[in-house]
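Novice: Protein chains in written order, with the working numbering: chain W, 16 to 253; chain B, 6 to 609; chain D, -14 to 106; chain C, 12 to 139.
No lab work stands behind these hints, which were simulated from the structure alone.
All figures in this text were calculated on a predicted structure; none of them were measured in a lab.
Be careful, since some hints might not be right.
To be verified - A partial selection of chain W residues facing chain D, derived with a Cβ cut-off under 10 Å:
id, residue
1, 207
2, 218
3, 247
Ideal placement from N, C-alpha and C gives every residue a C-beta, glycine not left out.
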Amino acid sequence: MTEYQLRIQRYDPEQDDTPRLQRYTVSGDHTTSVLDALLSLQQQQDPTLALRWSCRMAICGSCGVMVNGIPKLGCKTFLRDYNGVIDIAPLAHFAVEKDLIVDMTPFLAHLSAIQPYLINDKDDKAPHKQTPAQLAKYQQFSNCINCGLCYAACPQFGLNPEFLGPAAITLAQRYNLDSRDNGKASRMSQLNGNNGAWGCTFVGSCSEVCPKQLDPAAAVNQAKVESAKDFIINLFKI
Amino acid sequence: MQTLHTDIVVVGGGGAGLRAAIAAAEADAGLHISLLSKVYPMRSHTVAAEGGAAAVTLAADSAAAHFSDTVTGSDWLAEQDVVEFFVKHAYQELVQLEHWGCPWSRKQDGSIQVRRFGGMKTERTWFAADKTGFHILHTLFQTSLKYPAIQRLDEYLVLDLLREDNRVCGVVALVLNSGDLVLIKAKSVILATGGAGRVFHYNTNGGIVTGDGMALAFRHGVALRDMEFVQYHPTGLPGSGILITEACRGEGAVLVNKHGYRYLQDYGLGPETPLGHPQNKQMELGPRDKLSQAFWHEQQAGRTDEYNGHAVVYLDLRHLSRAHLQQRLPFICELAQAYVNVDPASALIPIRPAVHYTMGGIMTDINCQTTLQGLYAVGECASVGLHGANRLGSNSLSELLVFGRVAGEQAALHARTCQGSNNDTWSAAQYQRQGQQLSRCFGSNKDDSVARLRQAMTLAMEQGCGIYRDTDGLTQCQQQLQALQARYQNLKVTDTSKVFNNELVQYLELGFSLDVAQAICAAALARTESRGAHQRRDSGMTARDDKSFLQHSLAYYQAGAEPILSWQDVSITSLPPAERRYGSALETALNTAEQAADAGAKHD
Amino acid sequence: MKTPKRSDEPIWWALFSAGGVCFAVLLPALMLVLGILWPLGLVSPPWLSYAGVSALLHTAYGVPALLVTAAVICLPLFHAAHRIHHGLHDLQCGYRQASKLLCYGLALLLSLLALALVLAI
Amino acid sequence: MSTPDNARKPYHSRMTRDWWLQQRYYRLYMLREATVLPLLFFLGCLLYGLYSLQHSEMQWLSFAQFMQQGWVIALNALALLASLYHAKTFFALFPRVMPLAPPLLMVAGQWLASLAVIITLLWLAGVS
Ligand SMILES: Cc1cc2nc3c(=O)[nH]c(=O)nc-3n(C[C@H](O)[C@H](O)[C@H](O)COP(=O)(O)OP(=O)(O)OC[C@H]3O[C@@H](n4cnc5c(N)ncnc54)[C@H](O)[C@@H]3O)c2cc1C
Ligand code: SF4
Ligand code: F3S
Ligand code: FES
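Turn these sequences into a full structure, and let the hints guide you.
Specialist: Right under this line is the structure:
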């Protein structure tokens, strides 16, 4: 067991006007994750600490926090990898509701905006055919756990909250690349706007922090290519 | 007072709740559906399911075979009419999900690929790599966005049902981001709140799986059925309980004890199958209860190893190539690497059994209807009668879909035909009562805490209601739970804040869990035989006893006292009880059983 | 969700990308020879004398000269304009429309100037 | 579901102007964006050269002299370094934006192109 120093950003909307920092000491071993540490704090030292979590296995996407300024999944980040005081704060670029909990409504609104569902009118009883190669075209982009880390890492989203952002655009690409989908045209209208794919300047930090390595930056920039094609086609339409 | 009026309330945004909400919206676009969940829907624990969803797919397979596997697996405690309905509709539901975009894994020719799964005689498990639940949940969630009739109320914790006489007329919920109470009046309510695995100490479940819905219905007089049947999954990671999917064994992983010996052959699951050639229903592909029990015996005999203070055996995947593992089990590779620092291609994964699934739940009929008018239940929180004494892996994801749809359609039908309650003075009184009740729980805790009480409960359950049970242990557990209930009455929530009060939520969840724990323990004590996941060690109780116990247990809530138990007959349509056999004993026995099943299936 | 206005970014982004390729593929060589080796006297090829360059431009007069100018001056100008325009936004300076007009306007002016100079020789 | 007396008070923090100094990743991003500043200087030199050429031989000579000043050479050397850093980042992005071939192959191909241009020009300039 080793002692670790944590400095946690606290904010209680009923008491505070701005967030404050609070120090804690927790003990942990080589398997202790940041989430484990926060939960043990909550159970043993300070029940008022607020955070989100559920699966503790890096798949539900609830537990995103900033660890030393970098967005991480609490349950997949281990104390063993840090020295000195570890800073823990709520995800950047979202409004803080309380302590480590942020308001995810904008994120969900952006996801919904791109029509993230298969659009086609097949209604017979058989499954579509889709070869492994066709599946591979979009499979990587379908692994997004909606954790929002990429939004906390993307300065363009921080500067412009209307920017659809990496996860939403990745999801749009996921459906646009699906051989079973016919909805690309209606999704493109969202991607074509200034807050669509064009809100991105390829900072690339979204891909750096993505815990599922789905390279959202690539998806967003592939969407730019699609949007550029769409632009040209549109020129000839009139 | 905040009151919302809607037609259908769905409590739970997991696979079952989402499927139900979509079905209701499709059944009648004019209905107003409110989907409540204490977490964002895509955080629901369906997301963690790895292995797959079962449906008869191959030409060589048949509904009768799936039926017989399920009934056999259930140790004959499944409702056979329900199983028949289920096996008939599972395929169509998986195809529906495919039409909604689920990225199912495929064969070279583009058709759906199916894999082997424990307890299933034929390959019939559809999968999306090893993230099946994840993909199902996200597909359903994303599809639900298409329906304007579905209004999502995310991060709403349901505290209670609104009931007038024998019918339900809405729910009371706590809005987590503001701490406000809200009354939601509805004509139909669907409970889809998931299981109760967090009642136990070692479990594969997420933190939200605390049995809320079961307790909600229970407290309003609905029976909890077959609660003694709690499935241990043989392969959880030590400490965390994180699941290492059965699909590993489907791909050929083997289990070895600390001497490197494939011990399952000593427990009636042999003969040993050659490495890399897994056989359905043999050795590692035997049913979960048998595998978990074998672990218990190995531990007693001192043949388990130790990892960080936990007894473990090992899962060996080393004979599979790294490329194959990356393609078929990428998530498992990631989990093993992160949580036990093991590369499965070159080292053994330490594992141990962990509580995984609650077979029992809110009693419903084949239409997901409970005994309260207007109240439906579906998914892991319900007992529609599919799993009996033991669930087969990959049947429950299909269950969410098949019965989620049924629940949604039935609730829509009910909402269209019934009159809503318009009694507003009554509502105001309800609201006030709830508010007062809630405010009473705040105060200062001198020598107890939610965390401590919860810990005591989970350890008591692990001790008393574990893989093997006996009268002494169960009685002791029962007494401990009573004492914990008493402590709970005096427990206070120290955090008085309104916005995202984690402590309050945990306090309320603990209240639900304790009620569910008592139901599990009471039912386990009453069932003095061994069947499926319920194994008694007392003399005279170690075998199945069809004469007295081919019966569902029903637990009824008693405020401040032990639940009252009663029994219900099992519906048997075509497959009469026989011995459950695995390994080599299986072949001969199964043929007879199947002939019977085929004969039965011909009726429809 | 209402349909947002189509962005005109594809135009600027296309110019930016083309300019980026020139910046990465053509300009290192030019910078090395024209900006370092030649001034230091380490190379002094005859085609870099006044007569040499004039002759070169005369032989390539017209489309070829314009193309080369576009590749080594105009497109890189648009590349730079794009990055500065977005960089100003990153630094929270200026209004988007004004900075856009300024950056791309200047790039256009300088590009025209370069092309005019080439034609005027 | 918010009422007037709702206890919510979400805290919105604003990004400060120096956000890009906080993380290494952002600093590298800004560095990449800033490569266009020395580029602009070099482009200015080219324009100046063109102007001189068009003007007179005298002017061309004074352009050559301008180019020989220490600070000009230094800035152009910086521009060269910037162009190489730009190339490194730009080449790495290309296969992600247009996944046409295995990424490593695409990156190597682009470097080969740059190298070919350098070698050709050096050869033309008489370096052997
Ligand atoms: C690790 C793991 C792997 C599994 N793998 C498989 C598999 O391969 N194949 C298979 O068939 N099955 C598998 N299962 C089982 C299966 O995944 C679950 O039984 C199933 O997902 C349960 O779904 P559900 O919709 O009933 O509940 P959940 O997905 O748990 O959803 C419950 C919902 O109810 C909400 N809720 C709960 N309480 C309240 C409340 N008080 N107020 C408001 N909302 C509330 C929650 O927020 C959540 O949205 C697995 C289970 C686990 C744990
Ligand atoms: S793209 Fe990656 S970082 Fe962004 S939400 Fe999805 S999983 Fe999280
Ligand atoms: S960080 Fe942001 S700017 Fe683009 S590449 Fe990623 S979305
Ligand atoms: S708790 Fe689910 S991702 Fe961390």
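Novice: It remains to establish, for every hint, whether it holds in the given structure.
Specialist: Against the structure, the hints:
Annotation: residue 207 (chain W) was flagged as interfacial toward chain D, and the flag holds, the nearest CB pair being 5 Å apart, inside 10 Å. The beta carbon of residue 218 (chain W) comes within 9 Å of a beta carbon in chain D, closer than 10 Å, and the hint placing it at the interface holds. For residue 247 (chain W), the suggested interface contact is upheld, since its CB lies about 8 Å from the closest CB of chain D, less than 10 Å.
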